[in-house]
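Colleague: Work the whole structure out from these sequences, hints included.
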Amino acid sequence: MKLLTHNMLTSNIIKGVTKGFPLQIAATDIKVTEVDFNPDFISRMISKVEWPALCEAAESIGHLGDLPKELDPDYEKNEEFLKKAHHVLLEVEIKEGELICPETGRKFPVTNGIPNMLLNEDEVGK
Amino acid sequence: MEKFSHFPTPDISHLNANDYDHVYEPAEDTFLLMDALEKDIEIITMLNPSVSLEVGCGSGIVSTFLAQILKMKVFHICSDVNPKATAVTLRTARQNNVDLNPVLTDLASALLYRCQGNVDILIFNPPYVVTPPVEVGSSGIEASWAGGERGREVMDRFFPQVPLLLSKCGVFYLVVIKENDIDEIQSIMEENGFIMNVVLSRKSGPEHLSVLRFTRKNPFQHAS
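These protein sequences, in sequence, are chains A and B.
Note that the UniProt record's numbering has the first sequence beginning at 1, numbered continuously upward.
Note that the UniProt record's numbering has the second sequence beginning at 1, numbered continuously upward.
Since the hints were made in silico from the structure, they are not lab data.
Since this is a predicted model, take the numbers as computed values, not measurements.
Take the hints with a grain of salt, since some may be wrong.
Claimed, not checked - List time: in silico DSS-like cross-link candidates among lysine-lysine, alpha-carbon distance up to 25 angstroms:
#: 1; chain 1: A; residue 1: Lys2; chain 2: A; residue 2: Lys84
#: 2; chain 1: B; residue 1: Lys84; chain 2: A; residue 2: Lys107
#: 3; chain 1: B; residue 1: Lys84; chain 2: A; residue 2: Lys31
#: 4; chain 1: B; residue 1: Lys84; chain 2: A; residue 2: Lys2
#: 5; chain 1: A; residue 1: Lys2; chain 2: A; residue 2: Lys77
#: 6; chain 1: B; residue 1: Lys71; chain 2: A; residue 2: Lys2
#: 7; chain 1: B; residue 1: Lys168; chain 2: A; residue 2: Lys19
#: 8; chain 1: A; residue 1: Lys77; chain 2: B; residue 2: Lys71
#: 9; chain 1: A; residue 1: Lys69; chain 2: A; residue 2: Lys83
#: 10; chain 1: B; residue 1: Lys73; chain 2: A; residue 2: Lys2
#: 11; chain 1: A; residue 1: Lys31; chain 2: A; residue 2: Lys2
#: 12; chain 1: B; residue 1: Lys73; chain 2: B; residue 2: Lys168
#: 13; chain 1: A; residue 1: Lys77; chain 2: A; residue 2: Lys48
#: 14; chain 1: A; residue 1: Lys84; chain 2: A; residue 2: Lys31
#: 15; chain 1: B; residue 1: Lys168; chain 2: A; residue 2: Lys48
#: 16; chain 1: A; residue 1: Lys95; chain 2: B; residue 2: Lys73
#: 17; chain 1: B; residue 1: Lys73; chain 2: A; residue 2: Lys77
#: 18; chain 1: B; residue 1: Lys168; chain 2: B; residue 2: Lys217
#: 19; chain 1: A; residue 1: Lys48; chain 2: B; residue 2: Lys73
#: 20; chain 1: B; residue 1: Lys73; chain 2: B; residue 2: Lys39
#: 21; chain 1: A; residue 1: Lys95; chain 2: A; residue 2: Lys48
#: 22; chain 1: A; residue 1: Lys19; chain 2: A; residue 2: Lys107
#: 23; chain 1: B; residue 1: Lys39; chain 2: B; residue 2: Lys217
#: 24; chain 1: A; residue 1: Lys83; chain 2: B; residue 2: Lys71
#: 25; chain 1: A; residue 1: Lys69; chain 2: A; residue 2: Lys31
#: 26; chain 1: A; residue 1: Lys95; chain 2: B; residue 2: Lys84
#: 27; chain 1: A; residue 1: Lys83; chain 2: A; residue 2: Lys48
#: 28; chain 1: A; residue 1: Lys31; chain 2: B; residue 2: Lys73
#: 29; chain 1: B; residue 1: Lys71; chain 2: A; residue 2: Lys48
#: 30; chain 1: A; residue 1: Lys107; chain 2: A; residue 2: Lys31
#: 31; chain 1: A; residue 1: Lys19; chain 2: A; residue 2: Lys2
#: 32; chain 1: B; residue 1: Lys39; chain 2: B; residue 2: Lys168
#: 33; chain 1: B; residue 1: Lys73; chain 2: A; residue 2: Lys83
#: 34; chain 1: B; residue 1: Lys217; chain 2: A; residue 2: Lys48
#: 35; chain 1: A; residue 1: Lys84; chain 2: B; residue 2: Lys73
#: 36; chain 1: B; residue 1: Lys178; chain 2: B; residue 2: Lys39
As the list claims (entries may be wrong) - Have a look at the derived ranges for each label pair, beta carbon to beta carbon:
#: 37; chain 1: A; residue 1: Gly65; chain 2: B; residue 2: Leu164; range: 33 to 39 angstroms
#: 38; chain 1: A; residue 1: Glu70; chain 2: B; residue 2: Glu149; range: 27 to 33 angstroms
#: 39; chain 1: B; residue 1: Glu135; chain 2: A; residue 2: Glu70; range: 51 to 57 angstroms
For glycine and all other residues, C-beta sits at the position ideal for the given N, C-alpha and C.
Modeller: Here it is in structure tokens:
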């Protein structure tokens, strides 16, 4: 699971949870793999990302590097910045571990790189 | 098999009978959906898509195919309720050298809040087979076909999520059979603000399959 995927997940599917974002990460296996850099794609994805949550997640697993926590308003033109964002969004992968609901502490396993957000019937809201 | 694709079908030689005991084996409905995406490739390309979401990805062959035929890089998210399906999806992606991002969740539920208005290509080949309602709701291979009453129980739960997920100009592809009542699906989606088009239809044995495309009536009035 990439940090980009993590940025798209919420636990507000649990009954009583209002926001459920960002999920905390307790990783036991992190893998860094090289991915082709595509500045246009990274720019488009940054516009869809909750930036502070991305930085918080990356920092919590020790992979923030020197990525600025403030989003540069001209980021599209800043290739050096885009490369750092590329690394954090796509190259750092959680292979094994848990995602933790910030409101209830409910743990969601990450196995073989796949987050399991399934709930038991009695946990589901609405 | 009737097939007009110019793009080769993804390699699924890594999957065997053992996998297909747990995960839906690509069949006529799968191929019709891939043909429809290929037929629509110009419409999809014009969106300059960033995010695709396939709900109920099964073997992962459809999202793999989409990733192969798109010229631009897109973030492909794939959801399923079957852990074997998400695992197989990852293997199918690797086998074909594309990047898919599987998530185990019911429909799009864990993605709904953050993907709101962000999905440019939404794909659902739902469990559409008419079955006793009691067969709906498993997370095994039955989940890939058991659609309950009129085959509609699962897709009906998903329809309210479509206007939330889709970006302004986003497209939603849905596989149906005649028994699902296409006219009624059209009116439900019209009430949600969508126009329906039939991209392709094909008769396969007892099934009369169609791939439907939904787009917003007014892309500039984004319901959020």
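Colleague: Just pull the numbers of the violated hints for me, sorted ascending.
Modeller: As far as the earlier hints go, only 38 is violated by this structure.
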